[in-house]
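Trainee: Generate coordinates for the entire structure from the input sequences, incorporating the hints supplied.
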Amino acid sequence: MSFPLLTATAALPALGAIATAAVPAARRTAAKWLALLVSLATLVLALVVMVRFDPGGDRYQLTESHPWISDFGVRYELGVDGIGVALIALTALLIPFVILAGWHDADPLETHSSRWRPTQGFFALILAVEAMVIISFEATDVFLFYIFFEAMLIPMYFLIGGFGDRAHSGTDENAAAQRSYAAVKFLLYNLAGGLIMLAAVIGLYVVAGSFSLQEIAAARADGSLEMATTTERWLFLGFFFAFAVKAPLWPLHTWLPNAMGEATTPVAVLITAVVDKVGTFAMLRFCLQLFPEASKWATPAILVLALISIIYGALLAVGQRDIKRLVAYASISHFGFIIMGIFAMTSQGQSGATLYMVNHGISTAALMLVAGFLISRRGSRLIADYGGVQKVAPVLAGTFLIGGLATLSLPGLAPFVSEFLVLVGTFARYPVIGIIATFGIVLAALYTLVLYQRTMTGPVKPEVSTMPDLRVRELLVVAPLIALLIFLGVFPKPVTEIIDPAVQQTLSDVQKKDPQPEVEAAK
Amino acid sequence: MTDVAAYATSTGEAFQFWVLGTVAVVGALCTVFMKKAVHSALCLAGTMIVLAVFYLANGAYFLGIVQIVVYTGAIMMLFLFVVMLVGVTAADSLKETIKGQRWLALLCGLGFGILLCAGIGNASLQEFNGLAQANSGGNVEGLAALIFTKYVFAFEITGALLITAAIGAMVLTHRERTERARTQRELAEQRVREGKQLPPLPAPGVYARHNAVDVPGLLPDGTPSELTVSRTLRERGQIRDVSDEAIQDLKALEQRAGERLGREEGVAK
Amino acid sequence: MSNAENLIALLVAAPLLGAAVLLCGGRRLDAVGHVIGTALSTLSFVIGVVLFADMLGRGADDRAMSQHLFSWIPVEGFQADVAFQLDQLSMTFVLLISGVGSLIHLYSIGYMEHDERRRRFFGYLNLFLAAMLLLVLADNYLLLYVGWEGVGLASYLLIGFWQHKPSAATAAKKAFLVNRVGDIGLSIAIMLMFTTFGTFAFGPVLGAADEAGEGRLTAIGLMLLLAACGKSAQVPLQSWLGDAMEGPTPVSALIHAATMVTAGVYLIVRSGEIFNGAPDAQLVVTVVGAVTLLFGAIVGCAKDDIKKALAGSTMSQIGYMILAAGLGPIGYAFAIMHLVTHGFFKAGLFLGAGSVMHGMNDEVDMRKYGGLRKYMPITFVTFGLGYLAIIGFPGLSGFFSKDKIIEAAFAKGGTEGWILGGVALLGAGITAYYMTRVMIMTFFGEERWRKSAAPAEPGVAPASGEHDEPHPHESPRSMTIPMIVLAFGSVFAGGYFSIGERFVHWLEPVTGYDHGHPPVSALTVTLATMVMLVVGVGIAYVQYGRGPVPVLAPRGSLLTRAARRDLYQDDFNHVVLVRGGEHLTRSLVYVDHTLVDGVVNGTAASMGGLSGRLRKLQNGYARSYAVSMFGGAAILVAATLLMRAV
Amino acid sequence: MNPVNYLYLAALLFTIGATGVLIRRNAIVVFMCVELMLNACNLAFVAFSRMHGNLDGQIIAFFTMVVAAAEVVVGLAIIVSLFRSRHSASVDDASLMKL
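Residue numbers (full-length UniProt numbering), protein chains in the order written: chain C, 1 to 523; chain L, 1 to 269; chain A, 1 to 646; chain F, 1 to 99.
What the hints contain is simulated information worked out from the structure, not anything from laboratory work.
There may be inaccurate statements among the hints.
In silico lysine-lysine, DSBU-like type, Cα no more than 35 Å apart, as pairs [to be verified]:
1) L:Lys36 x A:Lys616
2) C:Lys493 x C:Lys513
3) C:Lys461 x A:Lys374
4) C:Lys296 x C:Lys461
5) L:Lys35 x L:Lys95
6) C:Lys512 x C:Lys493
7) C:Lys391 x A:Lys616
8) L:Lys95 x A:Lys616
9) L:Lys36 x L:Lys99
10) C:Lys461 x C:Lys391
11) A:Lys616 x L:Lys35
12) L:Lys99 x A:Lys616
13) L:Lys95 x L:Lys36
Just the calculated beta-carbon pair ranges, DEER-fashion [stated by the list, open to error]:
14) C:Ile308 x A:Ser606: 24 to 32 Å
15) C:Pro462 x A:Gly620: 28 to 36 Å
16) L:Val152 x A:Met629: 31 to 39 Å
The following residues of chain L were derived to be distant from chain A, with all beta-carbon distances above 12 Å [unchecked claim]:
17) Val19
18) Lys35
19) Leu42
20) Arg102
21) Asn129
22) Gly130
23) Lys150
24) Ile157
25) Ile163
26) Thr223
27) Arg231
28) Glu245
29) Ala252
Using N, Cα and C, we set each Cβ at its ideal position, and we do this for glycine too.
Mentor: Here it is as structure tokens:
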């Protein structure tokens, strides 16, 4: 038996989490380094996965399969397709930056007793989330996926509720109350989604008699598994609801701004750049493969919701006064694009959506982390408290601008490629929706530039006049992300090559073909 | 009698059933509705004796005797002991404190009773085999044969249960002294520190006429002082308030003394 | 010969490298930043000249070159490449962009000498050059889009270069946003091309244009026009150009006069085959051009800010180009020709204006100029030549190119031809008027900038900086040399191009050419233009040359006031879009908080209320619990009996 | 007489006992009511034993008695210790189970 590479990729951060949590209270710097090293080692493993993955080979590769709960046919079954590989790489890539950016975020305050050890907990929880996210991307057993999809909530809950942003307006108690509100809201929304999904998972087992994605998909494809139309639709909705909450899709989005606003910036990045991707990824992998007919049936409604997300998220981002909430609403808009791309059911749309997941992870991380550095300097999240930062901290302003430009999908930066693919893919099948979605790019420019203008330009406010520019650690976080944004904007081929075959497979699952160009169709 | 009880019911038994049954039900009702626990216990004992008779009538001679000796004799006496030990408070008020509890309880009881009776009525229990055959070797022997064969495990386990219960009761009621008993001096010092009653409590009784322990002493203004009566009596409400009487007595005394003095005054004049 | 193609990428790479080095280099490069920037931009120009020479050495139909670098976005059915195409049209632009760009780099060395962020400025300029060259060299629409947005970004950065001024930051944002509206057009056009042709590379799309339906072509054309409107400041997306003058003057000269704003014209001419197949779209293009032509001219007449007056003029001149481009093969070549000559004289005029401002303490109000010809003679002469060129003085560049456009407009034929021609003719007159006004107010008349000359108006606080009287002086050589070079271009380019229709033949392989059927002779048109010119100059002279110019602007007529406010277009935007948008977002924030969140929170609250009521059952009394047990037992018995009964 | 009457009597006594458990607050009386219920069951068992003609019912009744004895011992001990700590034998005073 070959080396269980996928298990190792997920198990390494899990073990790292335990080890980090066990570091004695006084050695908190050691805990940080340990966490960073573990995350880097995971990145190396993820890269090995990427290299070992053969885009032209089988659909699921590096598979592992062991019986787990044999009475119910639950198996510990792992395997990756191109989409999974790309997202695992994204996750493993972002976590070191998250850790590095949050280097001081969980240092205990002086008022804490010496036995208090939040630092260890913070980094251990981050690694735990990483492990669960990675295994969610790998699981090809529906039940296994469900377990980690839900278990992810636990560390996330503690990360949001336990480690708040120290930059807040109002009293500490007030902030703590808001934080716990945000954490509970996060938990309840996602639990509600998860419970409905659980019902659907059980229902699926009753109907299909198996939890194995590959078995069910194969049986559906060769017609040996017939599902009644109504049953399929209900099951699809059960799955989709959970993923739509996680993604988040309008109108199930309201937990995100709260969670992102109250959490520390690295955790906010973790939420939007990593954890939420599981939702969109699962739509692509589970909804479409397991319920192709129902997916097609629901497409118009989902596209409309995605469209609303795009426009609505962007409009609300324009109206925000809080930097982090603004980025949160911008993310809602971007998730709208991703979902739209998935359900456009064209190869451009789905490739674009998958690429979008990767790119959005990187670009939001860049923007959000720089915003976090800015916020930590001034101790305020309100846009109105800033002004003229560009003059005192040009590098910070510059990186912030690049992050912003990536968010508004400037050509040359990575998100443009994916956004344009999504738009083209949608337009090819649903021209009206594609055209309306295009207006999102103007709104994106609006909220980004208004944010930049209000914080960075204009006369220097006295409060920011002594603001230091980016430090080496911070630059170390931002510079690679920006380099990656530019690289993937100019040369996205390495990623699209991996993604493309998987997308073709998915499309053939739902039995959709790309629309023919008019001129060729006429011939 | 043995044969009769074994397989059939006679008119005598019917008469006995109706009379004693009534007694049993009344006893049960009294158990529930008597204010004082002692009375409840006595009523229950009565019911149990009636039940013992019914056991005998049904051919369960051994059980009938055990019911009287063990249950009524030992267990009910245990109850009485505990009542003496614990039930020093005043008789329970039967007033309900939980809203709707009584009505719900009565409703449930009524419903449950009716349902049970309906169940029994529905069952076809007309067959009546009698115990003649089972008791042919003697009731006790029959029981013993079953207990030591078929039910031997249950029997052993019950024995273990009894031992456990005995130990448990001892553990529950036993209080280990974990610290040295405080000396009189320490107790006195504690009293001073806490500012409680320093001197001995005042004695009960009013003059020489009412010196029983249940009569509170009077304060100078004529009101009774509860402090003078033992706490147990206080809680039971068994205080005899004689303040009015005492004041009357005092007045009479003064009057009589006045009369006598007046007379003497008059004589002096 | 084949090696020349490999140089194409260098055209873009050189300034891109400059931008990267200058922007990432940090303060260490402060001292040499401007040298690096200028050198790399000049390198790009030199490469352009080499390629040009190479191209001239070939036959007319063999001149297009292409270079495929790598596959950019390969997704099933959607193949975007990073590949360049250099044909005569691109070549023209390359030379214009890198040539004028290099001159302006040179000019900026002097102009920005005292700015501590000069290195950064050159970095942005190089970035702009790279993006603009990418735009004209791309061999497909998607890559063009990259350049298109790239110049938008550079323009954003440069307009907002003095970010500490809120007005500059706002203007930059506005420019980017309005451009983005135009970009919607470009993206939709590309999507339409993809669904129509299955590709968006120039060759296959334009080659197959006649196979597609006219409806499709019209839609693509209109979307391209929308994009062009955004980038080239055409009505209705013209509002950003005036505000863009907040940027440093070299930026205004390079980006907002000579090159970037003409990208729209490039786009339309490049997509000629599409428009040829969509007459309706062409008509809309000409209408937009004609409207903007008048709009810009009228606005230019009323502005007292020298740069804004020139901006109005730019708008108007690009209106001419768009008009010409909308005429189809009759006009494509002339649009480009006017574009080139306009690049020379308008850049020259802007640089002149910059030079004037440089000597006048950055004062931009023409009413506070006057009589400057004595103090800055070189500026006066170069500006004057540019002035003569733009109004179409016979023999100068503008005369040749503009005249041809007016002719072509008439040549469109029919009523449209007459109307368009008339508008173009009228525009020529107005151009003469406002340019004469600028000229007179700046260089002739009283020296109104002297303090004593300023009439003491009670109640008017003097503007800041008025305390120290300006000392007008000629600018340093690094600034005057580019002005002189551009003046040469303004004078001779038009004539050179027109000898034997040289320019038209040069472009013909790309754009095609058609004489059309002019209803009137070329001579008549020229004469009419001359008449308009004389009338325009005359009126301006009567108004401004004969009497003193008031330092404070008079109230003016209704039209003047409207024109000063950009014909209320900005106010309209403000009320409808900005205010409306603010209300919309604010109400949406409210809706999100109360309605969307409220539904969820309401559900949670009602559940909370329900459980609050239910928990009262949990009162802690064992007897209560016993009742429920007993009740439960009763129900069980009942259920059993019922089951039996059934 | 129909021996089923014994069963009716047992049911009646059981119900009275149960109602007593619910109504009374004095823990001792509650306990007595529980005993009453147990005895009612015993009666039923004995009656069943007679009806079926075997002694198993009596055996069950016997065991019930033993268990009841054990229960009484422990229960009364609990009451005593409860009274020591709370100075009350009311079941309502032990209401810490509420939220």
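Trainee: Which of the numbered hints are not met once you compare them with the structure shown?
Mentor: As far as the earlier hints go, 3, 4, 7, 15, 20 are violated by this structure, in ascending order.
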